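Colleague: Take these sequences, add in the hints, and give me the full structure.
Protein chains in written order, with my numbering: chain A, 41 to 349; chain B, 100 to 387; chain C, 29 to 429.
FYI, nobody ran anything at the bench for these hints, they're computed from the structure.
Please read all numbers here as calculations on a predicted model, not as lab measurements.
Glycine is no exception: its CB is placed at the ideal position from the N, C-alpha and C atoms.
Where hints are given, some of them may not hold.
Said to hold, decoys possible - Quick partial rundown of chain A residues pointing at chain B, CB under 8 Å, derived from the structure:
(1) G148
(2) V149
(3) I153
(4) G157
(5) E160
(6) P271
(7) F275
(8) I279
(9) T315
(10) L316
(11) F322
As the list claims (entries may be wrong) - Cβ pair distances, simulated, as ranges:
(12) B:G152 with C:T336: 20 to 28 Å
(13) B:G264 with C:V407: 50 to 58 Å
(14) A:L340 with B:Q191: 15 to 23 Å
(15) C:K380 with A:N309: 36 to 44 Å
(16) A:A228 with B:G281: 35 to 43 Å
(17) A:I169 with C:A426: 34 to 42 Å
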Amino acid sequence: MRSDEIRNMLLAVAGLGLAALLPLTGNGYYLAIGVTIAMYAALATSWALFSGPTHYISLATGAFFGLGTYVVALGIDHIPYVVLLLIALVAGAVAAGLVGLATLRLSGVYFVIFTLGLAEMVRQVVTWIQNNWSGHRGLYVLTDITEEIIYWELLGVVALVYLVGWWIGRSRLGFALRIIGNDEVVAAHSGINTARSKVLLFMVSGMAASLTGAILAPRWTYIEPTMAFSPLLSFQIVIMALLGGTNRLWGPLVGVIPFTLLWEAISANFPNQTTLLLGVCFLLIVYAIPHGIVGRIEALARALKERGA
Amino acid sequence: MDILVTGLLLGGTYALIAMGLNLQYGVARIMNLANGEMLVAGAFAAFWFFTAGQVSPLLSIFLVAPLTFALNWIIYRYLLLPLVKRAKNRGQLEVDSILATFGLSFVFVGIMMAVFGGDYFTYSYLAEPFVIMGDIYALNRIVAFIMAVTICGLLYLWLGKTRTGMAVRAVSVNPEAAGLVGIDVLKMSAFAFALGGAVTAVGGSLISTFLTMDASIGVIFTMKALIIVIMGGVGEVRGTIVAALILGLAETWVASVIDPGLTLAAAYLMFILVLLFRPQGLFGRQSS
Amino acid sequence: MRRRTALKMAAAAALIGSFAIGTAEAAQTIKIGAVAPKTGPLAGGSTVTHWPNIELWAAQVNARGGIKLKDGMAKVEIVEYDDQTNPGETIKAVQRLATQDKVDFIIAPYGTGLNLAAAPIFAKYGYPHIAVSAITDQIPELSKRFPNMFFTLGSTSAFAQSVADILSKMNKDGKMGNKVAMVNVADAFGIELAAAARPIFEKAGLEIVYDKSYPLGTQDLSPVVKGAKATKPDAFVAWSYPPDTFGLTKQSIIQDLDVKAFYTAVATCFPAYGGAFGKAIEGNLGAGGVNPDSSEFMAYQKAHKETTGKDADFWASATTYASLQILEQAIVSVGAPDRKAVIDHLKKGTFKTVLGDIKFNKNNNNEKFWTVGQWQNGVFQGVASTGRPGAKEVQLKAGWK
Chain A
41 MRSDEIRNML LAVAGLGLAA LLPLTGNGYY LAIGVTIAMY AALATSWALF
91 SGPTHYISLA TGAFFGLGTY VVALGIDHIP YVVLLLIALV AGAVAAGLVG
141 LATLRLSGVY FVIFTLGLAE MVRQVVTWIQ NNWSGHRGLY VLTDITEEII
191 YWELLGVVAL VYLVGWWIGR SRLGFALRII GNDEVVAAHS GINTARSKVL
241 LFMVSGMAAS LTGAILAPRW TYIEPTMAFS PLLSFQIVIM ALLGGTNRLW
291 GPLVGVIPFT LLWEAISANF PNQTTLLLGV CFLLIVYAIP HGIVGRIEAL
341 ARALKERGA
Chain B
100 MDILVTGLLL GGTYALIAMG LNLQYGVARI MNLANGEMLV AGAFAAFWFF
150 TAGQVSPLLS IFLVAPLTFA LNWIIYRYLL LPLVKRAKNR GQLEVDSILA
200 TFGLSFVFVG IMMAVFGGDY FTYSYLAEPF VIMGDIYALN RIVAFIMAVT
250 ICGLLYLWLG KTRTGMAVRA VSVNPEAAGL VGIDVLKMSA FAFALGGAVT
300 AVGGSLISTF LTMDASIGVI FTMKALIIVI MGGVGEVRGT IVAALILGLA
350 ETWVASVIDP GLTLAAAYLM FILVLLFRPQ GLFGRQSS
Chain C
29 MRRRTALKMA AAAALIGSFA IGTAEAAQTI KIGAVAPKTG PLAGGSTVTH
79 WPNIELWAAQ VNARGGIKLK DGMAKVEIVE YDDQTNPGET IKAVQRLATQ
129 DKVDFIIAPY GTGLNLAAAP IFAKYGYPHI AVSAITDQIP ELSKRFPNMF
179 FTLGSTSAFA QSVADILSKM NKDGKMGNKV AMVNVADAFG IELAAAARPI
229 FEKAGLEIVY DKSYPLGTQD LSPVVKGAKA TKPDAFVAWS YPPDTFGLTK
279 QSIIQDLDVK AFYTAVATCF PAYGGAFGKA IEGNLGAGGV NPDSSEFMAY
329 QKAHKETTGK DADFWASATT YASLQILEQA IVSVGAPDRK AVIDHLKKGT
379 FKTVLGDIKF NKNNNNEKFW TVGQWQNGVF QGVASTGRPG AKEVQLKAGW
429 K
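Modeller: Written out as structure tokens, the structure reads:
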């Protein structure tokens, strides 16, 4: 490993270690925000693993997230929790694999809408199954899993996603993806199996989303389909990742943290105009930060270096 | 037979929802996620005119249309044009417009909440039974269907026969080439965006005669409209109409013969299948 | 500073200080948090049922000078948040209220899902959780897990049972057949009610001849109504949400669905429902109900309209208001905003509310609640309950004219 890679690795470990200390402050409010940030970080970073290199905007996050939530909600009374998490991983992989294979020929906005429609379809099918087959209890997830445990689990997912992202970056798959992102035709002509690469990456993002959804299920206690398969979530993830910048592994995180804090600040201070002000902020973000915060930071760093040189 | 007519009526409703978005995306290249909110705004306007002034929605649309045309023109000129000018390629514009209109949809919901409150609103207009070949249908849905056909027909003729219409079509096919032959692309885009917004709002006014809505419900309509526009092929008026009708028929068939609980799943399945076998949509051109 | 000036200033400060303490005593406030949807899918319901009652109650309490504590009156200050119908936001907001705003009490959220998401946090910080719009069959288990949680609106099965009782009684009295067409919205509430209803209907001797669900937000419910109509049912039961309650009713009017009993669940009790359809919905049954002739309810209705400008609905509005009355009475009995003492008092006391007397059983459940109401002569009357007085006789539905 090169020295800067070692440095980045150490920074990441230190960062995660620090983050893991949050529950020790005993402040439930900060922990709740921490859980939100960790959840979005896991989702946004895994989203960017696929959408960053391929420039395909996937709105399927909500579908996979809801899938994971439902796996836990339907199975919690019969199957141990840890096994359910593994099932959620597999379900996410299978679902994402199928979708990935199906969407290979779609380009641009067709893909975007396809994934949006997918989330809706999954929601309808799952709800129909629940309606006709799951009996009359409703989906109660009554466990003793505390917020602290959920937070640490989510940090674990973030760490895993980063690990996978780092490994991909160093592997042939990552190399292939960079070429695909720059020019797919060239990539295909160079003998890269573009289809396989894209599907594999999509599966990674689907698995992460599904696992995150499964982890969050106990937090909500009662699972309703409209809340588990929220289309808003898919859009939020896209915005956060794009805000941060998808060219670097740590880019989405840089988008997630300010976005979550901004959302929180608005919700807390403007209860009657929350939605309106959130919209205004989105607009400002789009106009002021077109290439993501990472883009701005790196431009700034370059400018400083040039000035210094 | 009953399924056929009901399905067509529903298809007419869907055409009203989607036509405006087709203009906005197909020509102005703006993936307008605030489309549903414009629909709800039109619905609110009709509701207000009807309950406060006893004005029929069929009349109030003549007021709603120019007002929303102007509103959407302003939105394009001041909010979206900077993004258009800034975008280096089409993909960038799509991303930017998705994000910006997403924010815009929040702003609209917030404004409507402040003005109308969060309550549901509904009213009865022409909610009478109308018999066609022995089966009963709602008169207001039939009227909405007729209006949908009229509006879509007018649009189709306008796009095909008038100079401005053809200019708009040129922009939707190839903006660079259109610019080369002297068409003011930006002005045409603004015009199409504004027109699309007006059509959506009028659609909202018409469907408010039989649907119950509230300030937050726009997102459902946006998603439906997106599906229909993509399925029909972007920029193609015929495609949107056909896709809307197919969707209405399919949903009604599934609801009547299989299970109403699977209507949307069947609709999306069809959408997915269409895209699998014809990735550019039913009437779309092979994309570049 | 010279000594005399210093003395004068000290004296002045002491004087002002004593005023401050004195006025502080008179100006005690009890901070009460409230988080519920103002936007999002449930906003339509919470705007009718939830928020106006908080506004009304706080205004009335403060007009009286505040809540009477042992050491003086305390005005209430409401801290509001919009959770956008998102349980993650509800959780954050309740945490915020408990740890940042440090409120004395928190009003329960709106909707079963949001209430249950917040329940662990209410329990962790020891806030009494007087839930209204949380209808569930899991009350015993939930109250074990969340010992601060109190249930007021009833259980899923009770609602289904009352409908079954009404229909089977009409059948046994020879007024109508036993065929029931049942539909439900494919969302948590509708699914649970339908699932509870199936065995209950069967046991009551009713035959379900049409049993379908439809997705939330369906734009055309005519296939559902036509499908039900084709099975020639005697009764039509829909476990529905507000948009589809309206939609199914509209379609049934147009299709002239000929049934002797027509039931839609949520929002049937909304004044807007009566307003939208007028005479056509005479005889329509719906979830909930009140005794609109009771003097308490009539006074409440009048005050609701005057203070908030809106009409109260004929079910959960009054229950939401009652839950706030219960909170106030518990605080008064305890004499101070002591959460633990208030919870103890809630478990033991009997409370006088607009719905009548309310008492919680050993599962912290209010056992007496209205289950079914019917539109009779332009008023939504309670016709069935699990022990509330004033139920009116159920009428047959006689057409849509």
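Colleague: For each hint, tell me whether it holds in the structure or not.
Modeller: Evaluation of the provided hints:
Restraint check, G148 (chain A) versus chain B: the minimum CB separation of about 6 Å is within 8 Å; hint holds. For V149 (chain A), the interface hint holds, the least distance from its beta-carbon to any beta-carbon of chain B being 6 Å, beneath 8 Å. Checking I153 (chain A) against chain B by beta carbon gives a least distance of about 4 Å; that is within 8 Å, so the hint holds. Interface restraint check: G157 (chain A) against chain B, minimum CB-CB distance 5 Å, threshold 8 Å, status holds.
A distance limit of 8 Å between C-beta atoms decides the matter here; for E160 (chain A) the minimum to chain B is near 6 Å, and the interface restraint holds. Here the hint on P271 (chain A) is kept, as its CB sits about 7 Å from the closest CB of chain B, short of 8 Å. Interface restraint check: F275 (chain A) against chain B, minimum CB-CB distance 6 Å, threshold 8 Å, status holds. At about 6 Å, the closest approach between the beta carbon of I279 (chain A) and any beta carbon in chain B falls short of 8 Å, and the interface hint on this residue holds.
Checking T315 (chain A) against chain B: minimum C-beta separation of about 4 Å stays under 8 Å; hint holds. A least Cβ separation of about 2 Å between L316 (chain A) and chain B falls short of the 8 Å threshold, and the interface hint therefore holds. Satisfaction of the interface hint for F322 (chain A) is found here, the shortest Cβ-Cβ separation to chain B being roughly 3 Å, below the 8 Å cut-off. About 25 Å separates the C-beta atoms of G152 (chain B) and T336 (chain C), a value consistent with the hinted range of 20 to 28 Å.
In this structure the hint that G264 (chain B) and V407 (chain C) lie 50 to 58 Å apart at CB holds, the actual value being about 56 Å. Range check, L340 (chain A) to Q191 (chain B): about 21 Å between beta-carbon atoms, so the 15 to 23 Å window is met. As the Cβ distance of K380 (chain C) to N309 (chain A) is approximately 38 Å, the hint placing it in 36 to 44 Å holds. Hint check: A228 (chain A) to G281 (chain B), Cβ distance near 38 Å, so the stated range 35 to 43 Å holds.
For I169 (chain A) paired with A426 (chain C), a C-beta distance near 39 Å keeps the hint of 34 to 42 Å intact.
Violated hints are absent here; each numbered hint is respected by the structure.
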